[in-house]
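Engineer: So the chains spell out like this:
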Amino acid sequence: MQNAFGEPQTILLLGGTSDIGLAIVGQLVSPTCRSIVLACRNPDAAKAHVDTLGSDGITVTAVAFDAEAYGTHAELIADVVAKVGDLDVVVMAFGVLGEQSDYDNDPVAAAKAVSINYTGSVSVGIAVAAQLRQQGHGRLVVLSSVAGERVRKTNFVYGSSKAGLDGFAQGLGDALEGTGAKVLIVRPGFVHSAMTHGMKAAPFATTPDKVGEAAVAGLRRGRRTVWAPGILRYVFILLRHVPGPIFRRLPLG
Amino acid sequence: MSKLPPLTRLTGWGRTAASGASLLPVSTANIARSADMAPQRGALVRGLGRSYGDAAQNGGGLVMRLAGSAGEAMLDEAKHEVTVGGGVSIDDLLRVLVPRGFFVPVTPGTRFVTIGGAIASDIHGKNHHGEGSFGHHVRRISLLLADGSTAELSPTQRSDLFWATIGGMGLTGVVLEATIHVWPIETSRCIVDTTRAHDLDHILTMMEEGDHRYRYAVAWIDLMAKGRHLGRSILSRGDHATADQLTGPALDAPRAYSPRILVSVPPIVPISVVNRLSIKVFNELWFRKAPLYRTAELQTIPQYFHPLDMVGSWNRLYGPAGFVQYQILVPFGEEDALRRVIERLASSGAASFVTVLKRFGAANPAPLSFPAPGWTLTLDIPASTGGLSTMLHQLDHVVLDAGGRHYMAKDSHTTPQAIKRGYPRLAEWQAIRNQADPNGRWQSDLGRRLGLIT
Ligand SMILES: Cc1cc2nc3c(=O)[nH]c(=O)nc-3n(C[C@H](O)[C@H](O)[C@H](O)COP(=O)(O)OP(=O)(O)OC[C@H]3O[C@@H](n4cnc5c(N)ncnc54)[C@H](O)[C@@H]3O)c2cc1C
Ligand SMILES: NC(=O)c1ccc[n+]([C@@H]2O[C@H](COP(=O)([O-])OP(=O)(O)OC[C@H]3O[C@@H](n4cnc5c(N)ncnc54)[C@H](OP(=O)(O)O)[C@@H]3O)[C@@H](O)[C@H]2O)c1
Numbered sequence: 001m002q003n004a005f006g007e008p009q010t011i012l013l014l015g016g017t018s019d020i021g022l023a024i025v026g027q028l029v030s031p032t033c034r035s036i037v038l039a040c041r042n043p044d045a046a047k048a049h050v051d052t053l054g055s056d057g058i059t060v061t062a063v064a065f066d067a068e069a070y071g072t073h074a075e076l077i078a079d080v081v082a083k084v085g086d087l088d089v090v091v092m093a094f095g096v097l098g099e100q101s102d103y104d105n106d107p108v109a110a111a112k113a114v115s116i117n118y119t120g121s122v123s124v125g126i127a128v129a130a131q132l133r134q135q136g137h138g139r140l141v142v143l144s145s146v147a148g149e150r151v152r153k154t155n156f157v158y159g160s161s162k163a164g165l166d167g168f169a170q171g172l173g174d175a176l177e178g179t180g181a182k183v184l185i186v187r188p189g190f191v192h193s194a195m196t197h198g199m200k201a202a203p204f205a206t207t208p209d210k211v212g213e214a215a216v217a218g219l220r221r222g223r224r225t226v227w228a229p230g231i232l233r234y235v236f237i238l239l240r241h242v243p244g245p246i247f248r249r250l251p252l253g
Numbered sequence: 001m002s003k004l005p006p007l008t009r010l011t012g013w014g015r016t017a018a019s020g021a022s023l024l025p026v027s028t029a030n031i032a033r034s035a036d037m038a039p040q041r042g043a044l045v046r047g048l049g050r051s052y053g054d055a056a057q058n059g060g061g062l063v064m065r066l067a068g069s070a071g072e073a074m075l076d077e078a079k080h081e082v083t084v085g086g087g088v089s090i091d092d093l094l095r096v097l098v099p100r101g102f103f104v105p106v107t108p109g110t111r112f113v114t115i116g117g118a119i120a121s122d123i124h125g126k127n128h129h130g131e132g133s134f135g136h137h138v139r140r141i142s143l144l145l146a147d148g149s150t151a152e153l154s155p156t157q158r159s160d161l162f163w164a165t166i167g168g169m170g171l172t173g174v175v176l177e178a179t180i181h182v183w184p185i186e187t188s189r190c191i192v193d194t195t196r197a198h199d200l201d202h203i204l205t206m207m208e209e210g211d212h213r214y215r216y217a218v219a220w221i222d223l224m225a226k227g228r229h230l231g232r233s234i235l236s237r238g239d240h241a242t243a244d245q246l247t248g249p250a251l252d253a254p255r256a257y258s259p260r261i262l263v264s265v266p267p268i269v270p271i272s273v274v275n276r277l278s279i280k281v282f283n284e285l286w287f288r289k290a291p292l293y294r295t296a297e298l299q300t301i302p303q304y305f306h307p308l309d310m311v312g313s314w315n316r317l318y319g320p321a322g323f324v325q326y327q328i329l330v331p332f333g334e335e336d337a338l339r340r341v342i343e344r345l346a347s348s349g350a351a352s353f354v355t356v357l358k359r360f361g362a363a364n365p366a367p368l369s370f371p372a373p374g375w376t377l378t379l380d381i382p383a384s385t386g387g388l389s390t391m392l393h394q395l396d397h398v399v400l401d402a403g404g405r406h407y408m409a410k411d412s413h414t415t416p417q418a419i420k421r422g423y424p425r426l427a428e429w430q431a432i433r434n435q436a437d438p439n440g441r442w443q444s445d446l447g448r449r450l451g452l453i454t
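As they're listed, the protein sequences go chains A and B. Take the first sequence: its position 182, counted from the start at 1, is 182 in our numbering, and no numbers get skipped. Take the second sequence: its position 438, counted from the start at 1, is 438 in our numbering, and no numbers get skipped.
Extracted from the complex, chain A is given alone in its bound form (with noise of 0.2 Å):
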């Protein structure tokens, strides 16, 4: 249960070694949280962020997670409700980029990514949604991307699948509205992380710790959606309307 200050007891992260989940998770630590699980491909690579969480009265444990084996998510739901009990906190934070020019010559790719980053969004995110309709409370953070607000030729694979999952993210929000649990969509920007290690950054570049504060103040007040940083929201209003001959022409990398 969280507390008056939407502090969590329980924290489940979704893409247990991402670089921006983990900052989101590191700043809901607070006396109140007693359980983070870390669910990620290989377990064995989440053992240094298992120690650094890890305190006195929290208990930090990694769980094997792979977003494309879709069979196993209502199970490893359950697994992790019976390890902590109710799940107060469920950050959803795993995903892939990729190169456009690469996918433009491997459909396999292509699919690939969008299965990661759409299907099995949309597989772990109903196995979660049940649990917190079941147990009448809870918040399931979703990483966006300003990617999906309006699909640009450079990234349009990768922007496509952001783009169905924030509109899953919105549906399911509204589906458990009255229902005590909640979805916040987080939309960044170019955000400096392993996955995009080694990028020009792009206009607004920020930081995972930065998105960490956009997130949680976002779950503190309650609110459906939060941009990172909060002008792209802005920004995105006009990008949105830009007629499509100038659209193309735009130099948004």
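Among the clues, some could well be false.
[Stated by the list, open to error] In silico DSSO-like cross-links for lysine-lysine, where the CA-CA straight-line distance does not exceed 27 Å:
1. 153/A with 112/A
2. 200/A with 210/A
3. 83/A with 420/B
4. 3/B with 182/A
5. 47/A with 210/A
6. 47/A with 83/A
Quick caveat, the hints were computed from the structure, so don't treat them as lab data. Given the structure is predicted, the values throughout are model-derived calculations rather than measurements.
Got chain A; can you put chain B with the ligands on it based on the hints?
Structural biologist: Then chain B with the ligands, alone, in the frame of chain A:
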């Protein structure tokens, strides 16, 4: 078996940490059948939702709102006892009792609580120093048990379950009916002495030396005052007025009682109008308004006991983020800890609308009862106050190190560890509860959050 109603979002009076539950209005006649419909998340009875946090919530489960009518209350004027349904409010009960010359044994700062809620929280009032908490005055309880049967409990009959139900936060069963002791009163007026104290030492000394001379006593602290004014307060003490103390128009209707709600706050207040500035102004005005010293002022029961009830739904004034009530106990002899808590709160600038200090008398045998000999401090703070959560967690340590504890009916922020330390008899209570409810039918958000139930 009929279907459960869809989930409804519920919060406590502080309007924080909502959860969804199937909310079902029930009566004593059908409650046992309704409780049988409970899903895996269990069932809970809810009174008027005046506990501040999640005590009357049960996310994903069944929440039953027990109806009650004071019209069916049976008053035994010779024995000074009333037998009343668990869903009846103190508001309704007083409308029956006062005109007949009786008063509830203990009233909280609002009359909108039920008898069941009063027992489940073992509530205290301004008379705790002399007359104890509500549980001291309960003679008998009919409790709906998890298996659907009803048990008769009293201090001599199944006394372990009786005392586990007092302060048991609805987790031992449903109080269907209770017989409670009532005080005879001559009039519906109170006679009140008011004094100002210029700092914390002054107020503590006045209360230590003088409270025993009064039936009711409570101090209001201006938390906005700092430095040498730290702890400046208004002490208000009184009793029920006797017939010969009445003057003026009161003489015509010595037992008249018709409390009213003057205004109500509308359902949607988009932002908090309770902020640092409005709180400071309010506290300053209240302090200035209080006389340096005034004796034998006649007040009505609502004026003296339930002034906040004049504004309906005042909790909405805090806006969508809601507010937190922090009520702690610090045992006698640990006044340094009390001072540190007050100092810290005052210097943090955390604005509290009403801050109340009260001296408690003797405890009762209930393992989870909050009051024990010592000081209790109560504050209301907007939940959106920056850094509040961190500060409260720190204050928790000061309180627990001093041997104090939190009042669960008000809590919405603390941890299972803090409850375990503050209530050393928790395991004893859990054993009694688990025996009465081996399959965990009775559940609540508070019970889960604070580790009362597992
Ligand atoms: C303005 C204000 C002032 C207050 N002042 C005081 C005060 O001075 N002293 C004090 O002690 N408290 C005070 N309180 C707190 C209040 O008295 C308690 O929280 C009380 O329990 C609320 O009663 P309720 O009927 O609203 O119960 P709820 O808040 O609905 O429920 C509280 C608990 O009681 C249980 N419960 C309710 N009905 C039953 C039943 N029939 N059988 C078994 N369990 C039941 C619930 O399951 C829950 O655990 C104040 C609250 C407010 C809002
Ligand atoms: N960085 C940005 O600029 C940016 C901007 C907007 C949105 N986002 C979104 O924010 C989220 C977090 O990104 P990040 O920046 O923190 O990147 P990151 O550090 O690379 O994290 C991505 C995570 O996804 C996991 N993952 C990849 N494939 C998976 C699979 N099949 N199953 C399970 N987990 C898988 C990775 O686990 P492994 O360790 O096993 O690879 C890694 O933990 C992503 O959804 C991303 O799309 C990022």
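Engineer: For every hint, state whether the structure bears it out.
Structural biologist: Hints versus structure:
1. 153/A with 112/A: Holds - the C-alpha atoms of residue 112/A and residue 153/A are around 19 Å apart, at most 27 Å.
2. 200/A with 210/A: holds (19 Å)
3. 83/A with 420/B: Cα-Cα ~21 Å, so holds.
4. 3/B with 182/A: holds (24 Å)
5. 47/A with 210/A: holds (24 Å)
6. 47/A with 83/A: holds (19 Å)
Every hint, counting from the list given before, is met by this structure.
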